[in-house]
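S.K.: Sequence:
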Amino acid sequence: MTLDRKLKANEFEYGPWLVGDMPPFNFVSDVNPWCSCQDNMDWKSVEIEQINGNEYIWKWGGLNQDTHQSWKDYNYKFKVIKVESKWKVSYLDGFNINEIKK
Numbered sequence: 001m002t003l004d005r006k007l008k009a010n011e012f013e014y015g016p017w018l019v020g021d022m023p024p025f026n027f028v029s030d031v032n033p034w035c036s037c038q039d040n041m042d043w044k045s046v047e048i049e050q051i052n053g054n055e056y057i058w059k060w061g062g063l064n065q066d067t068h069q070s071w072k073d074y075n076y077k078f079k080v081i082k083v084e085s086k087w088k089v090s091y092l093d094g095f096n097i098n099e100i101k102k
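The numbering used here puts the sequence shown at residues 1 to 102.
Don't read these hints as lab results, they were simulated from the structure. What you are looking at is a predicted structure, and each value in this text was computed from that prediction instead of being measured. A hint or two may mislead.
To be verified - Taking lysine-lysine pairs in the DSS-like style, the calculated list, with each CA pair at most 30 Å apart, reads:
(1) K59 / K72
(2) K72 / K8
(3) K86 / K6
(4) K77 / K59
(5) K77 / K88
(6) K59 / K79
(7) K59 / K86
(8) K44 / K59
(9) K44 / K77
(10) K8 / K82
(11) K86 / K44
(12) K88 / K8
(13) K88 / K44
(14) K8 / K77
(15) K82 / K44
(16) K6 / K77
(17) K86 / K8
(18) K72 / K88
(19) K44 / K72
(20) K6 / K88
(21) K6 / K82
(22) K82 / K59
(23) K6 / K72
(24) K88 / K59
What the hints assert, rightly or not - Quick list of the computed label-pair ranges, beta carbon to beta carbon:
(25) V89 / W43: 14 to 22 Å
(26) W87 / N64: 29 to 37 Å
(27) L92 / G62: 17 to 25 Å
(28) K44 / E11: 31 to 39 Å
C-beta atoms are modelled at their ideal positions from N, C-alpha and C, and glycine is treated no differently.
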């Protein structure tokens, strides 16, 4: 797979992916594709809720009472599959593998 090779060799057309930097993928626009967020707010946990079958959402957990409602309402959809007795993420909302493979 192209993404796997590029990650292992750190070879992206937009430059190397340095630790702590946003990933240099084609679809990046100052939003982290893993959480679809920009800000790093105070949070204590991530809560996961099953929607249906292998579909889930995660949301910020342990938020302070004065945290803005938009952070409390925020959720991120994902799907999982079981491969050789291990659960793996098969889909992340907004993460388009075809954009990465360009």
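S.K.: Each hint: holds or not?
M.R.: Quick rundown of the hints versus the structure:
| no. | hint | in the structure |
| --- | --- | --- |
| 1 | K59 / K72 | holds (8 Å) |
| 2 | K72 / K8 | violated (36 Å) |
| 3 | K86 / K6 | holds (24 Å) |
| 4 | K77 / K59 | holds (9 Å) |
| 5 | K77 / K88 | holds (14 Å) |
| 6 | K59 / K79 | holds (14 Å) |
| 7 | K59 / K86 | holds (23 Å) |
| 8 | K44 / K59 | holds (11 Å) |
| 9 | K44 / K77 | holds (20 Å) |
| 10 | K8 / K82 | holds (24 Å) |
| 11 | K86 / K44 | holds (26 Å) |
| 12 | K88 / K8 | holds (19 Å) |
| 13 | K88 / K44 | holds (23 Å) |
| 14 | K8 / K77 | holds (27 Å) |
| 15 | K82 / K44 | holds (28 Å) |
| 16 | K6 / K77 | holds (26 Å) |
| 17 | K86 / K8 | holds (22 Å) |
| 18 | K72 / K88 | holds (26 Å) |
| 19 | K44 / K72 | holds (13 Å) |
| 20 | K6 / K88 | holds (20 Å) |
| 21 | K6 / K82 | holds (25 Å) |
| 22 | K82 / K59 | holds (22 Å) |
| 23 | K6 / K72 | violated (35 Å) |
| 24 | K88 / K59 | holds (18 Å) |
| 25 | V89 / W43: 14 to 22 Å | holds (20 Å) |
| 26 | W87 / N64: 29 to 37 Å | holds (31 Å) |
| 27 | L92 / G62: 17 to 25 Å | holds (22 Å) |
| 28 | K44 / E11: 31 to 39 Å | holds (37 Å) |
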